[in-house]
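J.: One letter stands for each residue in the lines below.
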Amino acid sequence: MSYSGTELFLFFGLISLGTVITRALPFLIFRENRKLPKFVKYLSDVLPFTTIGMLVVYCLKDVSFTSAPFALPEIISIAAIAILHLVKKNTLLSIGIGTVLYMILINFVF
Amino acid sequence: MKKHLAALRFAFPHTLPVLSGYTVLGAAFGILMTRQGISLLWIAFSSIFIYAGSMQFVAVALLATGFDLTETFVMTLMVNARHLFYGISFIQKYKDMGKIKPYLIFSLTDETFSLLCNATPPADVSAKWFYFYISLLNHIYWVGGSVLGGILGVLIDFWTNGLEFALTALFIVIFTDQWRHAKNHVPALVGVSSAVICRIVFGASDFLIPSMAMILIVLTALKKPLERRPVK
Chain S
1481 MSYSGTELFL FFGLISLGTV ITRALPFLIF RENRKLPKFV KYLSDVLPFT TIGMLVVYCL
1541 KDVSFTSAPF ALPEIISIAA IAILHLVKKN TLLSIGIGTV LYMILINFVF
Chain B
1319 MKKHLAALRF AFPHTLPVLS GYTVLGAAFG ILMTRQGISL LWIAFSSIFI YAGSMQFVAV
1379 ALLATGFDLT ETFVMTLMVN ARHLFYGISF IQKYKDMGKI KPYLIFSLTD ETFSLLCNAT
1439 PPADVSAKWF YFYISLLNHI YWVGGSVLGG ILGVLIDFWT NGLEFALTAL FIVIFTDQWR
1499 HAKNHVPALV GVSSAVICRI VFGASDFLIP SMAMILIVLT ALKKPLERRP VK
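So the sequences go chain by chain: S and B. Just remember that our numbering sits 1480 ahead of the position in the first sequence, which is counted from 1. Just remember that our numbering sits 1318 ahead of the position in the second sequence, which is counted from 1.
You may find that some hints are simply not true.
[Unchecked claim] Straight-line alpha carbon distances no greater than 27 Å define the calculated BS3-like cross-link-like pairs of lysine-lysine that follow:
#	chain 1	residue 1	chain 2	residue 2
1	S	K1521	B	K1417
2	B	K1419	S	K1521
3	S	K1569	B	K1446
4	S	K1518	B	K1541
5	S	K1521	B	K1501
6	S	K1518	B	K1419
7	B	K1542	S	K1518
8	B	K1501	S	K1568
9	B	K1413	S	K1521
10	S	K1569	B	K1411
11	S	K1521	B	K1411
12	B	K1413	S	K1569
13	B	K1501	B	K1550
14	B	K1446	S	K1521
15	S	K1518	B	K1446
16	S	K1518	B	K1501
17	S	K1518	B	K1413
18	S	K1518	B	K1550
19	B	K1550	S	K1521
20	S	K1521	B	K1542
21	B	K1550	S	K1568
22	S	K1521	B	K1541
23	B	K1542	S	K1569
Keep in mind the hints are simulated off the structure, nothing from the lab.
Required output: the full structure, derived from the provided sequences and hints.
T.: As structure tokens, then:
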């Protein structure tokens, strides 16, 4: 398919607009000078924890547990990252070693 | 000037995992767009003004099949609905950001959100500019990665195969950190279990919206007990 500049501008422009709407809406609805409704306050306390949990699953959404290698590279790497991080508490070290371990596993082991 | 340098210097190390993740994913996006015959100019345009990775990958698919503008717009709202969560979580955090607030809101991606969820600058570094430079650096990595992919237009070699796992690793690290600091693990478990259940029921491409709906319902139901035993 080939598209004209106008078509591409509308296409990317609309996606940009939709994205900005989803990002700006909470800030527009709940203005800072008004006191936050209790329910929104509650959500903004718990949601960061819940959302990270959801994002972990999102990252792994295409991983298959029912066919070889049965998500073993992911399971091994994630366990290594979590343990390393609990022991060393060094974000970059955990991510670096975890990622390299995963790359070795998928390219050379499984 | 000094406060900018201090904030930038403190922000940069925090963004390193995003640097590798965004460069690789951005380059992949650039390469895929090049294959659709999209020029470097439009690749840069979309990464600067959309700056939403998963939706930009959806855009590649839409361009390949021929798009309908209404469908494109609705799809954008659906794919990016999770941003509403981020916004609600950051209303208080972004309260006093002044002139840069619109940019901070615009650039609140998954990765920027998760970095800023936990990172707090020391007392001598301005929180406002710390947030700004994290957001800006991540944005630059994303645009840089896409332009790089657009220029290369070649296959990502096998040695980078799996490098995108850095993003997963980042989320795991944040999850571990939150787990260590949280007094109540129910919110984290609600997130994981809702997403797992919906992934199984709805499949890999359609489970985000149901997950978020389920999370909202469960959190609403658990409001009383969770307020009695707060998470922090």
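J.: Among the hints numbered above, which are violated by the structure, and what are their numbers in rising order?
T.: 12 and 23
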